[in-house]
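These protein sequences, in sequence, are chains L and G. Residue numbers 5 to 401, in our numbering, belong to the letters of the first sequence in order. Residue numbers 793 to 1047, in our numbering, belong to the letters of the second sequence in order.
The set of hints was computed from the structure by calculation and includes no laboratory data. All of these numbers come straight from a predicted model, not from anything done at the bench. A virtual CB, placed ideally from N, CA and C, is assigned to each residue, including glycine. Hints should not be assumed to be uniformly reliable.
What the hints assert, rightly or not - For the chain L half of the interface with chain G, some residues (derived, Cβ under 8 angstroms), not all of them:
#: 1; residue: 172
#: 2; residue: 175
#: 3; residue: 186
#: 4; residue: 191
#: 5; residue: 229
#: 6; residue: 230
#: 7; residue: 281
#: 8; residue: 285
#: 9; residue: 299
Said to hold, decoys possible - Label-pair distances were calculated between CB atoms; the ranges are:
#: 10; chain 1: G; residue 1: 820; chain 2: L; residue 2: 9; range: 31 to 37 angstroms
#: 11; chain 1: L; residue 1: 158; chain 2: G; residue 2: 948; range: 54 to 60 angstroms
#: 12; chain 1: L; residue 1: 158; chain 2: G; residue 2: 934; range: 52 to 58 angstroms
#: 13; chain 1: G; residue 1: 933; chain 2: L; residue 2: 230; range: 25 to 31 angstroms
#: 14; chain 1: L; residue 1: 190; chain 2: G; residue 2: 807; range: 23 to 29 angstroms
#: 15; chain 1: L; residue 1: 298; chain 2: G; residue 2: 907; range: 14 to 20 angstroms
#: 16; chain 1: L; residue 1: 191; chain 2: G; residue 2: 870; range: 20 to 26 angstroms
#: 17; chain 1: L; residue 1: 134; chain 2: G; residue 2: 948; range: 55 to 61 angstroms
To be verified - Covered, in the sense of this in silico footprint (three residues per stretch, anywhere, with C-beta under 8 angstroms from a C-beta of chain L), are these stretches of chain G:
#: 18; segment: 811-825
#: 19; segment: 838-847
#: 20; segment: 937-946
#: 21; segment: 971-982
#: 22; segment: 1032-1040
Each chain, letter by letter, is given below.
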Amino acid sequence: MSTPARPDARGRFGTYGGRYVPEVLIPALDELAAAWAELRDDPGFRGELDALLRDFVGRPTPVTEAARLSHELGCRIWLKREDLAHTGAHKINNAIGQVLLARRLGKTRIIAETGAGQHGVATATACALLGLPCVVYMGEEDIGRQAPNVTRMELLGAQVVPVTAGQRTLKEAVNQALRDWAGSVRTTHYVIGSVVGPHPFPGLVRDLQRVIGDEAREQMNERTGRDPDVVVACVGGGSNSIGMFTAFVGEPDVRLVGVEAGGRGSTLGEHCRSITLGQPGILHGAMTYLLQDPDGQTASTHSISAGLDYPGVGPEHAWLHDEGLAEYVSATDEEALAGFRALARTEGIIPALEPAHVIGWLLAKPLEEGSTVLVCLSGRGDKDLDTVRHALGDGPA
Amino acid sequence: MPRLEPALRARLAAGGRCLVPYVTGGFPGVDAGLLRELQDAGADAIEVGIPFSDPVMDGGVIQEASRVSLEAGTRPRDVLATIAQAALDIPVAVMTYVNPVFRLGEDAFLDDAVSGGVSGLIVPDLPVDEAGEWIGRCRRRDMATVFLAAPGSSPDRLVATAEASRGFVYCVSTYGVTGARERLAGTAREVVESLRPLTDTPLLVGVGIGTPEQAAEATEFADGVIVGSALMARLVEGDRAGSLGLVRSLRAAVA
Ligand SMILES: Cc1ncc(COP(=O)(O)O)c(C=O)c1O
């Protein structure tokens, strides 16, 4: 595995990233950074992880040519099928890796936050597999809209703790996980669910998710004889997109596009467009693009998809944006719903609402005709059926 | 404005220990009058918090106080205005999370703090290694930089924290976030004793101290205490007299 030279020793991607956390967490972050520097290329650790990714997660996940959708859109669209990974989303790549790492560090308890519940389910799954107790913090709002995932976590033996502060979504769940960790840091590892948080998390989660793009690039070259023209992924915290982009960053002929959640419109509070409408700020330990008010209070957000409903974004994305190495766009709730329906009807795949934003963005035909487009289909839509039925007014989907 | 470290040293020189109550700025009732009453009740300095949307270093009581304060529309400049209006004889240190400082700009934020009569700043999510420029900007304004030392801080980090701190070093007593605890954690003494040889800046213990007994126990080895959640719990319940009574009994306990 080649090693991106990002971030630097202080956890910076240009000016972004860093470690803005209470002093009490610093020793654990130092320990984690040192352990990962040693283990990321360690043949023993890699062997153990790769075997689990193959035998338990079902990797490599396939790429599927979306023939009917391609025909409608006038592009050649390929889907990287993270929805087919065990537990139904890319989140398991990170969760398995971090829980293995935690066990190497001698930690005896795992905590996680979750928004859509996919990361919570993935972490609960990894903990069941590797025999560690697991506590998942989840906002009450998300517990309501992603109920099937709550049941799954509980069946997997995890304790789901409702978070009632603020907007009761992902941001507050991260806050509560960080507070737990401040008190439990000697025995507990915090499996953060995206490429966010203090150093070394953004780089660590990227390293664990880059398998998506490494596999997909090879698969595309096998199938089409070359790299795709455009690579597109949805951006919540940014882990499936970074996982996909990393294999292609710096390739002059490959356009990288991240799709943010446009929600109900461009007024602050109605969307999750951290990069396209936010300003640099500091949240959850990292400097990055942030939706905030003029006093630096974190803004409220809205998205139909719990997994994108977050006011910040991974610091590496902030850097990719500023360097012009990736571009960022958005799709509204309505466009995501249209994408959801289109993929179901033309391809027989019910996507999660998060990657449905990518399909929704493509429906407007923003790309040159004939382009080859690689889409990260980050997860499947079973968790979202209630939300979608409700949004479509109980009519036929 | 009175400077932070000399005020604390004066108390220590007189044979006493320091008492620093914390209040959440902009919380209903936390006005200039309350700050003066805290001074009269025996505070050596007051820590005033700027409420923040995502207070990850705070437990339930201060989270709730911050939420109520923000809902009442409190802005950083309102908190500074209250401090200026109180015109205290004792120094005030402002506690703020880092993003409100970053958003306004470090220089602009510090200029406002100076005009508000603030003597020191505590930024719990700005550890020393991220504070290079911040320290310089504070020094130029004679603004005390209070950093946190915690159980588990490595010897290197304790040295850096001790060197960077002015006013006092905030010794976090235990693993965890703010909030009263049943007992004073054994780690409080360890943090203070490992810092003692490294600095002569006053070493104050905070987080988890809520009773006169705990304050007395902590000041057997530390130079003083910071008491926040226990005080705010009373204010959240609307018990202003109770909060002032607590400060008077804490004063008596740390003499
Ligand atoms: C299926 C799916 N896609 C995307 C996301 C967004 O996260 P990220 O941007 O880290 O990939 C989530 C988060 O829960 C998810 O469940």
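Hint status (Cβ of residue 281(L) to nearest Cβ of chain G, threshold 8 angstroms) = Violated: closest Cβ of chain G sits about 15 angstroms from residue 281(L), beyond 8 angstroms.
task = Return the status of the interface hint for residue 299(L): holds when the least beta-carbon distance to chain G is below 8 angstroms, violated otherwise.
result = holds (5 angstroms)
ask   = Is it true that the C-beta distance of residue 158(L) to residue 934(G) lies inside 52 to 58 angstroms, as the hint says?
value = holds (56 angstroms)
key: Status of the hint placing residue 172(L) at chain G (closest C-beta pair under 8 angstroms)   = Constraint on residue 172(L) not satisfied, violated at 12 angstroms.
ask   = Honestly, do residue 134(L) and residue 948(G) meet the 55 to 61 angstroms range at C-beta?
value = For residue 134(L) and residue 948(G) the Cβ distance comes to about 33 angstroms; the hint is violated.
ask   = Is the hint on residue 230(L) kept, meaning its closest Cβ partner in chain G is under 8 angstroms away?
value = violated (43 angstroms)
request  = Kindly confirm whether 54 to 60 angstroms is satisfied by the beta carbon distance between residue 158(L) and residue 948(G).
outcome  = Violated, since residue 158(L) and residue 948(G) (Cβ atoms, about 43 angstroms apart) do not stay within the stated range.
query = Would the hint on residue 191(L) stand, with a C-beta cut-off of 8 angstroms toward chain G?
reply = violated (10 angstroms)
ask   = Do at least three Cβ atoms from the segment 838-847 of chain G come closer than 8 angstroms to Cβ atoms of chain L?
value = As far as the segment 838-847 of chain G goes, the hint holds, because 4 residues have Cβ atoms under 8 angstroms from chain L.
key: Coverage criterion applied to the segment 971-982 of chain G (partner chain L; beta-carbon cut 8 angstroms; 3 residues)   = violated (count 0)
query = With 8 angstroms as the cut and Cβ atoms as the points, is residue 229(L) at the interface with chain G?
reply = Because about 47 angstroms separates residue 229(L) from the closest Cβ in chain G, which is outside the 8 angstroms limit, the hint is violated.
query = With a Cβ-Cβ cutoff of 8 angstroms, does the segment 1032-1040 of chain G contain at least three residues near chain L?
reply = violated (count 0)
When the structure is compared with the earlier hints, violations turn up for hints 1, 4, 5, 6, 7, 10, 11, 13, 14, 16, 17, 18, 21 and 22 and for no others.
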